[in-house]
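Novice: The residues making up each chain are set out below.
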Amino acid sequence: MSQAWLPLITLATSLLVAPLILLLPERAWRARAALNLSAALLKLLLVGLMVVGLYQGREFAFGFTVVPGVEFLLRVDALGMMFAGLSSLLWLATTVYAIGYLEDSPNRKRFFAFFSLCVASTIGISLAGNLFTFLLFYELLTLSTYPLVVHRGHPAGLAAGTVYLRYTLSGGLVLLLGVVGLHALVGDVTFGEREMLRDLDPSYHPLLIGLFLVMLLGLGVKAALVPLHGWLPRAMVAPAPVSALLHAVAVVKAGAFGIVRLVYDVYGIQLTFELGLLTVLTVLSVFTILYGSIRALAQQELKPRLAYSTISQVSYIVLGISLFGPFGTIAGLAHLMHQGLMKVTLFYCAGNYAEELGIHRIDELDGAGRRMPLTSLAFTVGALGMIGLPPVAGFISKWYLGLGAVQAGMPWVIGVLVASSLLNAAYFLPILHRLWFRAGPAHGKGQWPEERCLGRFETSGWLLWPSLATALFSLLAGLLAGLPFSPLDLATLVATEEYLP
Amino acid sequence: MTATLLLILAILWPLVLMLRSPLRLMMEQEALWRPGPRPKLLDAWWASAPLPALALALWPGETTLLLEGWLLGGVWQLDEARRPWLLFSTLLWGLAGVYARGYLIAEQQAGEAGDGETFRRLTGLALLWPLTLAGNLLLLLAEDIPSFYLGFAVMTFAAYGLVVHADNRDAHLGGRAYLIMALFGEALILGGLLWAAGSAETLTLTGLRESIVDAEQGAWMAAILWLGFGVKAGVVGLHVWLPLAHPVAPTPASAVLSGVMIKAGLVGWLSVLPLGDPAAGLEPLGRLVVVLGLVGALGAALFGITQRHPKAVLAYSSVSQMGMLTALVGIGLTDPALWPALSVAVVLFAAHHGMTKGALFLGIGISEHPPRLPAWLLWPLLVLPALSLAGALASGLASKWAFKGVLYEGGHGALVIWLSLAAVGTTLLMARALWRQWRERGHHAIPLLGTMPLAWLFAIVAATSLPLWLPVAGGVVDSPWPPPDELPGLLWPVGAGLALAGLGFYGLADITRRRRVVWRLMPGDLWWPYASLARHLGAGLKAFGDGLETRGSRLRAWLVAQEKGAMAWIDGLTRYERRFRQLAVPLMIGVAVLLLLGFWLE
Amino acid sequence: MPPLDDVLLVTLPVLLAAFVLLDRHLVRACSLFVLFALAVALTWWKLGFLWLAMLETLLGAALTGGFLFHALGVGLAGRAPTARLAHARDPVPLIWRRGLVHLLPVLALLGMLAAALGSLPASDGSLAARWSGLVLIGLGLWAFALHTHLLRRLLAFNITGTGIFLLLMSLVGKTAPAAGQGLVITGLVVALLGTALGALLVRRLGALVPSREPASASDGQAS
Amino acid sequence: MIERLGLVTTQLPTTGSSVMALLVVVLPLLLGVLGAACRPKRGWPAVLASLLALLPLLTLTPLVVSQGTQAWVLELDGLTLHWRANGLTLLLLLLTQLLVLASAAYAPAYLRVAVQAQGRGPAWLWPLMGLLAASLSLIWLAADLLTLYIGLELMGLSAVGLMLLPGREDALAAGMRYLLLALIGSLAFLLGLALLLGAWGRLDLAGLAEAVEAGPVLWVAMALLSAGLLLKAAAFPLHAWLAPVHGSAWTPVSALHAALVIKASFFIALQLWLVFAPQAAVAAWVVGGMGAAAVVWGGLLAWRADKLKDVVAWSTVSQLGYLLIGFPLLIGTAPAVASIAWDGVWLQLLAHSLAKAAMFLAVGNLMLATGESRVSGLAGASRRFPLALLSFGIAAISLVGLPPSAGFTAKWLLLHAALAAGQWPWLLVLAVGTLLSAAYVFRVFRYSFVEDVELEDYRPVPLRMDLIALILALASLLLGLAATWPLALLEIAGGGP
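Chains A, B, C and D, in that order, are what the protein sequence lines are.
Just so you know, the first sequence maps onto residues 32 to 532 in this note's numbering.
Just so you know, the second sequence maps onto residues 648 to 1249 in this note's numbering.
Just so you know, the third sequence maps onto residues 63 to 285 in this note's numbering.
Just so you know, the fourth sequence maps onto residues 422 to 918 in this note's numbering.
Hints are all accurate, no fakes.
List time: in silico DSBU-like cross-link candidates among lysine-lysine, alpha-carbon distance up to 35 angstroms: (1) Lys728/D x Lys462/D; (2) Lys236/C x Lys108/C; (3) Lys687/B x Lys476/A; (4) Lys1189/B x Lys1211/B; (5) Lys140/A x Lys728/D; (6) Lys728/D x Lys1211/B; (7) Lys476/A x Lys1189/B.
Derived coverage of chain B by chain A (criterion: at least 3 residues anywhere in the stretch with Cβ under 8 angstroms from a Cβ of chain A; other residues may be distant): (8) 793-805; (9) 835-842.
If you're looking for bench data, these hints aren't it; they were derived computationally from the structure.
A quick note: this is a predicted structure, and the numbers were derived from the prediction, not measured.
For each residue, glycine too, the CB sits at the ideal point set by N, CA and C.
With the hints as constraints, model all of the structure from the sequences given.
Specialist: Right, here's the structure in full:
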């Protein structure tokens, strides 16, 4: 019995924290911090329990009927656990970070309440056992992130929030149409019941293709595939922990994860391949990868550059799953986690620079490595990982992407990978160069835009430790990729399940 | 067991030493900020970084280490093929390290005394030197591809810090050239590795070589990989970073760069190309490689003698020497049957070049800061490795003999002629370098028993006696020295070179007067066209990006205008509301009529 | 040739209704409306619906009339009517085109009704009531659309309602008198309540906006 | 379909429940009388009285659940009145009583804070509210046209009365227009009834359903009935009276009106169509078209509306469009489609009622607190009145139809039905409606998140008012996942097989 409730409790840990936080008075920041942190730890523990249970082959599922034929279903599978593990891990880190980041700023109660809600939706997305439940949390995510995006309440933030909503709500709507369409066609599709669509008469195939494209359109908005990416750079005005979360786990990943679910657990990779939809995904993602990189090159500010980098990097996931074969799958799924770890590190660091030194533009970063060595180290790890250099996690993804490309018979994709790596290097290495090898205010040349001394270390410990922790994790995820329970291991587990029925 | 431990320690020890300095700095919290005295960075411990690896290289027996959790599954290996590489590399690293302690003594003292800027630069060097070493060792020891690539990348990128150590304009130019070319190489290597490893789904280098043999497009994979490693190995066209980076790096760093690190390219070739496999079918590529190698060997020699900076001259000499090695590798591709014998010669040649070039670079520092030695002893000692490199003496002679014999047996006589011509060029280069050294010699004598002269002397000894101790293919080469009747055939290029050098020396004044422009040929030759091409490309890319940006913003502006219009239109809709109010009753009747029509049509 | 009393019964309410709706003097119009209600009560009586006749007299004539006069400010005590209301001329003059345009929906409705009634044969006794009902509906609706004065619209509503009652009872006839009477009684009560509410509103509006004509006060929004 | 309305029954009426049914109708009147008598200054007497009205429902529910549809015939001097109670009725009755309860609990505090008991208005509030509740109960229970007519008229008049209570000029002018149009609508309805009665001589729905035959009489009658009801329901071109009326009405009254009164007209119309013209697809498409236009028009005007209450009122017009789209999905479609649409329509009705009531109450709180009636006056509200804004937000989720609200589940069902029926246009309409409603809802939020304003004069409203709004909003949200419960109620009371 307890097994059925485990997913529900996991969901509840963050879902119920939101009202509790709302009930606490604004001033009680200690109680709030304690609540947040304990909930995050508890969730991490629960997810850990589920992962262990999963490896032992236990089943966790909780469901009830919403309306006849439509079921609300929470279910634990390897794919979901990857995402859940990532989000609970990063939630903990980001909570710590946000506590430090928002110190003494107004509206913290609201922020943390919606923050918890946002994580709850992410967990819900990862635990969702069918498209309906997925859609439920997918939309909830949109709602819970909006107050975070406009948190500061200044005109730029509000405008960005409007743009964000326009994109995501339209996307959600399109997705809804697609899901309902699929529902009308075959009824409730539990994730993993691939035979339902596979056994359909071939005369339905054009319809299936249409539905896939519609749902892809809906999911592509959040996954920031290229013609639909416009909201992401705009949403940069949000506070740093929000950007970090948006980019690393919550929104962008939700879209990518949705595409993964769609391809693997609803249509099934075989059917997707036979319908020729994988090619669509490949072309789309390749275009996005290159486009994002080129746009990133033209950015003069740190966060927009990171944002375009996200656009490019998230498409690696899509590229991975579009490569037919287990290696492509492993690549896509592993990158889902790797990119999260690395990108969250980069955003933390960007936030640290902004908070401690008031740095927003790239050319203000000269010599920051001396003033903030640990932050810069973390940034370096993240950036190298993004370029795909070993031993950071990004290399593992790239490796399997290459393998997958060959396996899928598309070696030209390797060329894209190489080109993208070069472009990544072209926009990340100058930053590293500035950080470490240029003389700046730390060497008595000029002044930092707005220097504050936030803590005993180079900056407040609340800001520093999460950055270092995620950097360390992204390093370890690459360095020790062969260990059990590593992202790669989980991805391999999923891929084996997918290809070896 | 001990060997395995040594294997781990060989990689870990430099990393531990690397982490030591920042940890120490962190312990003494304010060390970075306070003006006062600071800890000594380049101490004896620091120089001990390659010792475990050296011990490993000398430890008898082969060993393999399997690391399950490491990357995608690590396989580190020391076998007889790797031993010579490891041995001479660690030796040179160790010598350069010891040398550096003396070479950088001024900076060290300034840093300790409280010069923050110098201390910062020195910290960088102290951190990155062991890291580069660790990468180099890993790439030598790794049998699995990810570790190999990791080592290669770590070495490449960490060495950037060594190149830009001086932190002046030239250093940054050199660093940029180095980094951009290195990135280009890394990208090609990654692409090639992925392609080749992906087709066979293998993780080891052995498997990779087999994969290239088996794969349908193996030639392309091999070409990409060859090009990728060629950047490091200084293949002509891709060599441009060498003459730019070498002169600006601190001398010990130049020594390892030229002596060891560019050999990594060669190691890469040997590791990934299916040399000696008759089924490989890479002959066309091999022929191309031979031609390119020879072009490099000769062209670099010709260009090199126009240089003024002795280190630049030596760098071009490296390009030239690597060109010769490239040509030998090319023969290995075209004539696989010859490879087993040729590989011994290649290893010997590479090791010889590494050690000797190292000694030469170290010698440049010596000529700038001469130890208390009489000039009659000092300058012959400086000339000795030069002559050896030209092939007149010692290890140079032995290695030359080694490949010449093999080539003659394989019927590649023409190649030998070409290589001999290249040796003429080498002699010229050596003469040029020594001449420049002489012109720029320093006068402040340093103690003979300092670390710097000792390391240099030891390097000379090790370099010249190389064939006596280098274990190639399971043991020391049996008879390294050529029989006396072969000597004329081997020595004529040196003679010719010396003669030309003499002529040149006498004609120099004349030429200088008439053709000043000749001496203005910038180091880095092709870099400048590349750079301008890259600038154009970059500008184009940036313009493209900006174009996208402006297009995007124009589109956004248009959309905003449209939106405003639409909003105004919608705001105007309220006026119809009034009509609806006034016409409620007629509208109701209208609805009724419509519904009636609907029912009627049923 | 229908009997004279039938003709009278048809023409009398219709004529009175036309006067009610077209009279420019409001007090006179209201007085005429009381007469109209009495005439309708007579019709009910003639048709044999005694209860309805009584209720019509009570609710339609007495109470509705009372409320109308209350709206005008004319009380039993003989107070002078509020000059503003009593002599008010419609601010919107009666123009032929306007009248014709507003006739169109009325004709549409009558056409619909005709189409429906075509298949419902009327008994002799009810034919007159049916015709008068139809004419009253048309007249009332037309006036409702035409006028903007609130009180006039209340009058028009009442007349339309009466027309519908007549039509209803003529249709129901003897088949389901109880149900028909139930409907009509409800309708009468509702009409009374509606008129009462409307009358009170007119008074309140007039009191709230002393400077403006209540009719024109509601002109913009009402209708 | 007609069975689902509970109009065909094999059950014999039991006297016990007949009394219960009467009590259901009469007890709300008691609330009115009590309220008028003692003019509660506090919430609890009103709440107690409303709870009293819930009691008979609580006894009726198990009866319906265990025995299916209940029907009663009341003989009154030759008149036969037919009443029935099935799952749908029960659901609507419960909804009505709950919303009346919420309004009654909200009203005293509201009157104290907002109105300060000026004029005679507050005294009239309670009896009119009781009358409204009673008439609504009557409408839900009625199974014959006479009762329906009586209920409709009572409801219309009491609604007008309630709307007029503030007594301000704009309220009176708008109320007058509402009154006239409601009366005209009633006349059209009565005319239709007259034709039906004249042609077939009976008024009970079950009997008429068997008696009627297609022909001009039925068609004209249906056209007139529908037109009258659509006018009262504020369907698209006939909606013009709605927004001004709400703009000046008291908040609890607005909540009741938007949540229930309009729905009653819709309910009657849909019931009549299902009984008399279950196959009239073309005409149903006309109604659907009106619904589509309403969705768009209401959404657009709500988006651009200047005042908070106008936003909510226009959103009612828009949301009613969703319900109207139920017509083409229910009329003349395959049973499978109709079955999905049936669930969707009633769930949408429930969701919208709860959400709209919550939204009106929340908006009322916000307006009281800020002293501003304009949307732009909300600047900084998110910081100062989080609870009111949260209620508004949760209600908005349901209105927009975002998960996990009941609005979402209803939209899901409607979309599913539209797809299953192959009626593609409604997909587009629902999509556009969702986007528009998101646009107007988030416009409100956008203003409330503005930070850099100094708001010197604001007064927090009593916590109870916020809580009531919040509870209603939460109910509409949670109903989305707990939709099986109302839908099961809809199922079980089907009556016959």
